[in-house]
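Please put together the full structure from these sequences, using the hints given.
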Amino acid sequence: MTESARDAFLAGVRAALPIIVGIVPFGLVAGAAAINAGLTLVDAVGLSVFVFAGASQLAAIDLFSQGAPLALVVVTVLVVNLRMMMYSASIAPDLLEEPRRWRALEAYLLVDQVYALSVTRFERQPETNKRWYYIGVVAPLWLTWQVCTVAGAVAGARVPAWLPLDFAVPLTFLALLVPAIEGRATGAAALVGGGVATLGVGLPLEAGLMIGALTGVLAGILAERTLGPDAAGADDDPGGGHA
Amino acid sequence: MSTGPPPGQQVWLVILVAGLGTYLIRASFLFLFEQIGGVPPRLERALRYVPAAVLAALVVPALLAADGSLTVVGNDRLLAGALAALVAWRTESIFATIVVGMVALVALGQVGAMV
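If you read the protein sequences in the order shown, they are chains A and B. Under the working numbering, the letters of the first sequence match residues 1 to 243, in that order. Under the working numbering, the letters of the second sequence match residues 1 to 115, in that order.
If you are wondering where the hints come from, they were derived from the structure by calculation, not from laboratory data. Please note that the accuracy of each hint is not assured.
Listed next, the stretches of chain A that the computed footprint assigns to chain B, with coverage defined by at least 3 CB atoms under 8 Å from CB atoms of chain B [stated by the list, open to error]:
1) 33–45
2) 86–92
3) 143–157
Just so you know, even glycine gets a beta-carbon here, dropped at the ideal spot from N, CA and C.
Right under this line is the structure:
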């Protein structure tokens, strides 16, 4: 039995609301940074609509302002966004039943927050109406991102210096990370993923993020082989039954 | 070496190519797995580690090396993040985690300014 589309959409919206705390300042900065770099309002909106991935947009804006070669800007955006290929693979089992045109839309909307919230929810409550929960999470994030890009481009991003609003984004990921650690195997994945990414902080093209994520997944697999799988969803799921 | 952004048409070329490439990255396995008739079970098991690994790779550098170099002693973001992690663990509330982490970071900054 799946829940109604309306209930699932509203559950997604409710789950997304606290995340907006981090999206607002980030979006304002994405808009303001584009103007400061000499781009136009339409350029800023174009980045937010067509790329729709904050960290890579800021990287592109920075390279534009330095007059970097166009190919380097494109490659940088793609490398920064490469982690989303892992999201695409990871969430695919939940969305493969979707008709292609819905999957095409869901692909466009696949950002860090909607990925992390949705896979967590789908694992814990497999009866979730997946399409509408996913759309419910991402719709307010998409709207906020576009509105804040315009606001930041028009009015600038004047955030009081004592208020470190940029910290809200890692805190959001932290709040999603903690429940994702369900035992020793996922713990090893997080420990190695976070550790390697930190060691790789200075690498070009933000490669540390991708290398950290990949080695983290490998560490999880190795830990599962030696220590056994985590007892995921201990109350309702016997764990790994279909493997 | 030129500085400043390229002409508008070139900016839009980059926006469209980067946007298309990003879309293809996002769409990749959502369509590829359909072609091969589903997700191979062994791969599906491996993919269970993606959330923990990627989220940690996003969070840990932001706490340990916010300014680009590893800092442990006197790192307010690390302390505030540790407190926020405790809140996340106890409450599983994203809102509470953000509020406690932000308040802690501001408070630590105030204390640091006084001493």
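Hints broken by the structure, by number, lowest first?
3
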